[in-house]
Structures are given as C-alpha cells and as structure tokens.
Amino acid sequence: MSGMSDTTEAQARQTNEESMLESIQHNHLLGLATYSRPEIELILSTARQFREVLDRPIKRVPTLRGVTVVNLFFEPSTRTRISFELAEKRLSADTVNFSASGSSVSKGETLKDTAQNIEAMKIDIVVVRHQSPGAPHFLTQCVDAAIINAGDGAHEHPTQALLDLLTMTDRLGPLDGKRVSIIGDISHSRVARSNIHGLKAMGAEVTLCGPRTMIPFGINEMGVRVTNRLDEALEGCDVAMALRIQLERQGSVLFPSLREYHETFGIKMHHLHRYQDLLVMHPGPVNRGVELASEVVDHERAVILSQVTNGVAVRMSVLYHIAGIKRNESTDGD
Amino acid sequence: MKTSNVLFKGGQVLDPVAGTITVADVLVQDGVISRVESDIEAPGVDIVDCNGKMISPGWMDMHVHFREPGQEHKETIATGCAAAMAGGFTAVACMPNTDPPIHTRDVVEFIIERGEKTPVDVHPIACVSREREGKELTEMSDLTEGGAVAFSDDGDPVYDAGLMRRALEYSSMLGKPIINHMEDLSLNPHGHMHEGVVSTRLGVPGIPGLAEEVMIARDILISEFTGGHVHVAHISTGRAVDLVRDAKARGINVTAEVCTHHFTLTDQAVEDSSYSTAVKMHPPLRTDADILAIKEGLRDGTIQAICTDHAPHASFEKEVEFIAAPFGIIGLETAWGLIGRELIRPGVLSVIDAVRLLTTGPRDILGMPNPAIASGSPANLTIFDATTEWTFTEADIKSKSHNTPFIGSTMVGRPFGIYNREMLWLRESVTAAA
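Chains as they are written, first to last, in our numbering: chain V, 18 to 351; chain W, 724 to 1157.
So that you can see chain W by itself, here it is in the shape it has in the complex:
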C-alpha cells in the first residue's frame, strides 16, 4: 500500500482556495508534491491516469461515528477508514460517544494511532464533559495537546447553559470550537421523527424543529457573550439556518455543518418506506421547505461544511420496530454521489463550491491547515469526478454496518481514489502502472 512516488497524469487540478480548475500532472516524490505542471515525464514512477477526472486537496468529513473503542460490532476505526477511503475522504473527525467516551488523553491518542495505519487521518473530537454527563468540563488543554480538534458531547446536547458558557470560555483559550448537538430536550421528550403532517398521519411521536432552533438561539447568545466559537452540528431546519445567518451577520463566532441526508430526503420518506428504520436519524429528516433553506444556506456560505454524521448500527439493532430502533445512518460512501445528484447537477453549487464544503470549509472551522496541491506540500489528494452516474449497491459497502436508505439509489459523481501519508488507495476501475 505504501506508494512514496507516483505521477497523477492528465487530471483537472481543483484549487478550492484560488477557485481554479487547471489541467496539470502532479508528481509526488517521497510523499511530497514535487511538481505540478503539464506533461511531466517521470521514468520508473507509477502513473495514475487521471484523464477526465479531477484532483483536489483531500476531503474531510468533520462528523463521523467510528464506534471504537467499545462498540466494535458496529464499526471499527479500520472499517470506518475503509468507508472513508471509498467515499474519497483523507480525513475525518470522529465523535466522542464511544465506550469509554473520548474524554481522556489516552483515548485520544489511541484513536489517532489506529487511524495512522490507513491513509485516512482520524482526528478525535473530545468530550465537553467528563463521561459525557454534562456536569464537569474535561481536561481540554491536555486533550488538545493529545490531538483533539474540537469538543462535543454529540449524541446529546450540552444542555446546561452554565456549562456551555464555561466550556466556550475555556475552549476559546485553546482556539477550539464547541460542537453542539442542538436540542432542547424538554421540547423533545420522546420523539422519533420530524413533528409535522407526516408524523401526525403515522402516529409517530414528533421531534419539532423548535427543539433545535431554541438551542441554537441560546448558544448564539452564549457565544456572543463569551466570544467562544460555537459550531452547530448537523443543522436541519430552515429557521435554524436563518438564526445562524443572522448571527454571522452580527459578527458572532458561530459556524454550521449539514449532513448529506438533510438536503436529500424529507420526513415523507418514513411514510413512503412504511416506517423503515433506515430513514430514522437524529436530527430527523425534515421538510421540502427546510431543504430549500439549507440549499440557500449552502449557496450563501451560512453553512460552511457538508458532513455525513456517519452512524453505523448493526443489522440486528436496526431490524426492529420503528420506535425501538437507534437513530442514524452510514454516509461516507454516498456523500459525494448525493452532493452530485442533489447540489451540483441541479446547479445549486458549482463543483468548486461543493469541494470547498469538504475541504477548506471543515478545516477552517476546526482551525486546521489546508493541504495544497503545490510543490513542496505533503501530498494529500482526492481523485474524483462530478458526472459519473452509478448505482450504490449493498456490495459496495465497506463500512461494517449497512444501515443506509440509499441502497439501489442513483449517485452522480464518484470518488476514484485518495493519496495521503505516502499511501495510495484506488477504486478497482483505476490502476497505477509504470
């Protein structure tokens, strides 16, 4: 798997910072980009034919659940990274609701080390509170030194407003965001899908958009008061997008991400699928109006990152009645195909803008350096196109879990390979040859 020297030939090099697409060859030597220019000859070096394909800085999904340690029957860091590779990602940030949770430095270091065996950089997001109990702050400084890139109690909100205030004050010293799972629990005592006309018809207890919006409004105020950086995890409603847009306009330090399924499916999917647990996630699928607002938020920069909330669950856990099923779906392998189908092909976003939401967007939120495709930069690349139509099948799935509503769905645009830390992964249809 180690490929220190490789020539990517004939691809269109996409630079999300400059906003340009240029046809050029990219020569990598000892894992570092040595030349980016046309018609490079490099005898003896493996060549990856990138004709008709694009090359961008490696993509990052800033919101995944890799389940290790503790729930290895759902996913391991190795299988999660395999799914990330297939999805074109060279980096992920993984949420800390593991068992034990990522609340001590040894767990942070364990996760990073596991990721180093693959071409995918696995960046741990550590807990805001010890044991994710929402009471006492974790040792954020030590966790940051260990490699944590942000703090979150995701799966649950930081519900206590006083704790959120202190967390934002403390983390602002470290330059790290607090990523909050935005939910006022008192407004969602036991919901299982979006509260709306469909939940009313189906008799399923609802989760109102209000539960998310109230929490975002609160956190915007706490962010304004403390100056700390609040990042809205998996934004899902139109009103929430409006709140973030207005806060940003007032100069408040708030950012937001959206999951691929939240601009693809609505709550109608629960009825159409006859209560399939593959469309049960948290936050729930919302409405057409919310999707329109999310697309507008992606267009105008209110939402800076697209993520998947990749949430593996074993078949036996999902093959139960709707109310008993856990929330969440896997998403790494369908992310780009859905972005192509829902955003690029219909003209919501250009390819460059879409790639920004997977590269500079999440890394800027997390305060991480952006890999560049330039001479002297470590090679961290994703090879893809935005036009190939393909059908996602169960056989494609590299994740340990298969909980996705997109089996059999048409995807538009396909990742073909990644290169990172001197490791090359290519889809079977692409080969490297001297």
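Chain V on its own, in the form it takes in the complex:
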C-alpha cells in the first residue's frame, strides 16, 4: 500500500477497506468485547449469505471440507450444541462432540489435559462451552487450535449476541440510535454481556432491567442505563430482550418467587398493546409464564424462532471466518 502513487485512490481504497473488511482481525472468537463494528458487520453479512444456503433443498456447501471441529461442552446444552453442529455439517466440516458435565476437577482430568489430548488427534477449531469464565482464554494458552467461545460462565456468549444482532438488523435496519432493553438476571448472564458489547459497537442504546439483586456491581460503567422498573425499560424501546431465569434460583436470596418475578419483570400482553412497535426476543429456552407470558411467546412480534434460524447462519459465518478461508466471490482481482 505504501507504493500507491495516487493519493485519492489510496484514500478511496482505505475507506473501502474500513467499511468492507475481508477478514476478521482475530484468531479466535473469545468474546465481542474486542470485536470492532466492521468485524461484526462482516460476520453478519456473511451470515446473510449462508442463510440463503439454509433455504436450498440441499443445505450444504463444501466450504470447510477437510477442517475438523470439536465441540467441547462442559455444561449441559442442547440448542447451542445442535446449532453449532448443524453449522459445521452445513459447511462440510468434520465434527466431533465431547460432552462432560461437572467441573474438570471432579472429572479427574484437567481442562488442559482434555484439550491437549483432543488436539493430539489433529483438530483445527475448538468450540467450547464451560462454566468457568475465561476457560476459552485459558484454552488458547494450552492448544494451537482456533477457539470459539460457546459460553463461558457469566462472561460471554458471543455467537448468541451475533445472532441477536442479525435478527435485530433484519427487522430494524442499522442499529444506530435504536433502543434495546435487556431484562432479567444480568448478574449471571453471558448473553447480556455479549449483547452489551455487540449492541454498543453497532451504535445502539442499551438499558438493563431487573431486580436489584440481579444487577451486578458497576455494570453502568459498561455504558448502559440501568432501571429496576419494567415500564421505564419498555418506554420508547425498540427491542425487549428477556433473559432466561434459572428456575433453581427461585427462593434463593436473589428473588422470592417466580410468581412475583413474572408480576414485576415478566413481559405480558398489555405491554405489547401499550408499546405497538416493540419487538420481543429471548435466547431460549423460554419459561412460559415467567420471563414472558405464554401469549407473548407466540405473538407475531416475538422473533424467537428467527433467532434460532439465524443462530445456524451466524455460526456458519463465524466458523468460516475463524477458519480463515478467503471468500471465493471476492469482487476485485486482488
């Protein structure tokens, strides 16, 4: 680029490069905290292309043929694991599943040993879900494979946030200035943290809402508004994202009962009537009658199933970019 003589052309090209990245600048996807807007836009743009593949009769492309992916799940997960697995299969990658519940310590083998054993079988990408925040970061120090975070404790769940961003932009267009409220147990939510990073990067305004006991210390320093009143969160809001309440937390010191939670923080039909443009999202699985009234789940402005479809497309895109394969349909002859 330094040899470029025509300044105008150089500037034009630079602008073009900034807005139309061809590859992401990371070897791993550990979280959205370090991903830039152009990188996120690139992943979403590729996801839209892959979504077309999902509508074909034969839903498979040869893009990742010869690439081996292991899904390393240390926490029970059905939909995220299935979504990744489908994404891998649609891209013709070879996939292996490894599931272990409980901590590595109780299992007798350390995470490092598990990862190194699997890598010794020649793995290119590890998709990891783990109860410890930072476990994917730790894996980057243990193995050479590329790491994709499929959820680490209450830290990040970046592919969930990416599929949420895709779902929102599909409905709303660019997210600049759009208002998104995330409602529920923010303290224990990796979905919330990844969405905060992603939404802020895309120019949206984020409000967090939930009982005081579920709002973590100093979260407002992440550049979000915090309220304990649902109406304040929904007023003027474009998207309400309800988070799943872990049922086992009922009766703990965090909240008294599911009944009271639904009364205070559940999105009900009267909210949809009052806020005519409000979209409702949920990372699933939904507790009907807790986070969302059952009729709200089935309402046309609830886009929960679109989120699920977009999940496969987004994960295909992430796998594609992390695998580092240049796009075939590159327009200029570079």
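Source of the hints: derived by calculation from the structure; they are not laboratory data.
Keep in mind it's a predicted model, so treat the numbers as computed, not measured.
Just so you know, not all the hints are guaranteed correct.
For lysine-lysine, the following DSBU-like pairs were computed, each having C-alpha atoms within a straight-line distance of at most 35 Å [said to hold, decoys possible]: (1) W:K1041 to V:K129; (2) W:K1123 to W:K840; (3) W:K1041 to V:K139; (4) V:K217 to V:K129.
Rough simulated footprint, nothing fancy, chain V against chain W, three-plus residues with beta-carbon under 8 Å [stated by the list, open to error]: (5) 871-881; (6) 1041-1049.
Examples of chain V residues lying across from chain W (beta carbon under 10 Å, computed) [what the hints assert, rightly or not]: (7) L47; (8) H154; (9) S204; (10) G235; (11) M239.
We put the CB at the ideal spot given by N, CA and C, even for glycine.
Based on these hints, arrange chain W on the given structure of chain V.
Only chain W this time, still in chain V's reference frame:
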C-alpha cells in the same frame, strides 16, 4: 553452613527500635554479637563485606503456608525455609491448615524441629479449633507450651461468634493473639475475585469487600467485650483499615497485617492477564482506592506488619481454568523487592519504617522478643539494600512452587543474606572470606 564466628564489615546498621542507621562493623563470636563499632580487626575470622549494604535485626514474615505435613508436593519446611532465606527472613510463622492441621502439640514440635535444620526460625501458629472445624477449642495451653505463637483457623474464618468469644477469652490467659481470616461466608458464597467493575465485566463471581469488613467489625466488638487480642490477617480493603484505625483509637486490642500483593496489584490484573490464576488469591486483589488506604494505614501505624501469605500450589493445580484454581501465591522471595518498589522508592515509607514492619511489628504482635544488634545479643541479622534494581526470574525461585505473578517484574531492593543460630546464608554475589 555453620559459621560461629564472622565479621560483618562496613555495613549500615539499622536499629528499628531506636530508629537509627549507623555505619559500623558487627563481630559475631560463637553466634553472639560481641562488638558493634567501627574498624573492628578480627584476624582469622571470616569477613562479609557489607559496604553499601544495610544490616538489620532478622526479618520475620508472620503469615506463611509451608504445607508440611501433608502437602509436601507444594512445599516442605525445608524448601519454604530456602525461600525465606532468599527473601531475607530469619523467622516465619506458619499457618496451621496442614494435613493433619497444627492442632496438637506433636505437630507443633515436629514443625519447630524441621525448621531448626535451617537458619530460619519456624514458629507454628496452631489451630483455634480442633480439625479446624470451627466447633471446639484446641488445647491452647499445651500448644503454647509446645511453642505455638498464635492461634488461627486461617484459610477459613472463625465463623461462629460464640467460639470466637471463647477463643479470645481463653487465649488472653496465654497472651496469644487470635489471628482471624476475616470473612463472613454468607456474603461470599462462591466468589473468585474482588466484586467490582472488573468482576462484572469478566463475569466472575465476586467477593465483596463487605465480607471482610463485616467480620472485622464483629471481631472488634468481641475483642472489646473480652479484652482478647484479635489480629486481622491479610487486611485488604480501605474500609477495613478504617475499622481497625478507629478501634485502636478506642483502645481495643486489635492489630493488622497486610500482604505485599495487596498494596501492589489490583483486580485489574485479572483482566490484564486474561484470567491468569497467578493473580487469584484470598482475599482477592482489590482496587486502587484500597491500595491508597492501605498505604495510609502503613504510614500511620494502623497496620503494623507486612507479610506475604506465601501460599505455594503446584503447577498442575494452578494450570486450570480460573474458577477451578486454588487461591494463593508464593511471596517470600519478592517481598522486599515489592516493598522497595511500591513503598520505599515512591516515598510512602522510609527504609527504617519498612524494616519495622518486618521486625518489631510482627514480633510485637506475637509478643516475641526483638533481636537486637548489640553486644551480648544472639546474632539474628538480615543483610540487604533498598536500592538495587533487579528482575525476578523463574530461575530465582527457591520455593517448591512457582505460582507468582511477579516473574519478569522489576524489584527494587534486595536481600543479600541472613545470619541466625550460628548459620550464615549469603546470596551468590556476596562471599565470606578470611
């Protein structure tokens, strides 16, 4: 290793009691200081050239974990003492969370005996409760006669307020402090780092400063009620320093120590290191505001001792995901270099004040005699300077475990040797010659 007669020549002799630094030679004969004056000639006696260096009474770290008996894969008393020597310490007090715990006299005597093979005095701190279970008192009188210098269930708090009351009443008969690991467990059900903005960003369950402060407030009240001596182990928050300061002003028998890492690093280190388990300790690294308050507490005497909470863990135990990792780091070998870098060079403390926090401070808390650099006193000495800049490397480590965040860090000030019980240990760069 036995060196009964030795002449320390040309050093600056630091007296923490008088608060003076005087250039003088120190002649030791049969392990006892015979003369402290200028230009001593002692033909035939080995000479240690102390030019440009300081000599003080031997340092003490009143809070270490030496893991023996029971967890010798982490540390033994021999390797722990080697680390203490390298750190300039002639004495340590070791915590009783061994296996078996230090809750019977035979374990106390075993530990003392192991320490006697080295120039480091190893003083056992015995359990407050049998099996460290927090239920019944140990035989404190017998343990004291065996050589225990204090009582603690460290690693865990004395959580039951009624037990704490009885422990303070009983130990006050013996003149020994109860050292409490200050933590209200109900306020920290499963935390792994300081609860604050960083833990929120990282999604790591937090340990609020409140858990420590509530327990300190309780123990201050129990101390006031019983008159017993409560010592706050590893104080880590600004509010906790305030509580201790106020209690002392009211004449309550409470003292406090701080670990070197708690005035050096903050919780930001967890994020900066990408969840390194080498910055996971208990209490956790706190905030800049807490460090400022701790420094003020060191300046005004609220905190009387600097310790390390030297907590060795094997590599395989620490090379795990953050939540699964045990708490604690080693600290004996980096203590003085961090004190120099964080406290002396920036002008928080003078060298004399810093040395007090390693000599008279901990010994006064434990009611132990202070070694003096004076004719007729048994020679118990540390040789050091407060200015040498050096880099701590993994090759330096004498401890059996390597769990420290300070590998590659610059240290300011270096211990060069110790002398105690007729044993001389010198760093390679210093030699003794006739």
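Checked hints:
no., hint, in the structure
1, W:K1041 to V:K129, "11 Å, holds"
2, W:K1123 to W:K840, "18 Å, holds"
3, W:K1041 to V:K139, "26 Å, holds"
4, V:K217 to V:K129, "34 Å, holds"
5, 871-881, "violated (count 0)"
6, 1041-1049, "holds (count 6)"
7, L47, "9 Å, holds"
8, H154, "5 Å, holds"
9, S204, "8 Å, holds"
10, G235, "4 Å, holds"
11, M239, "7 Å, holds"
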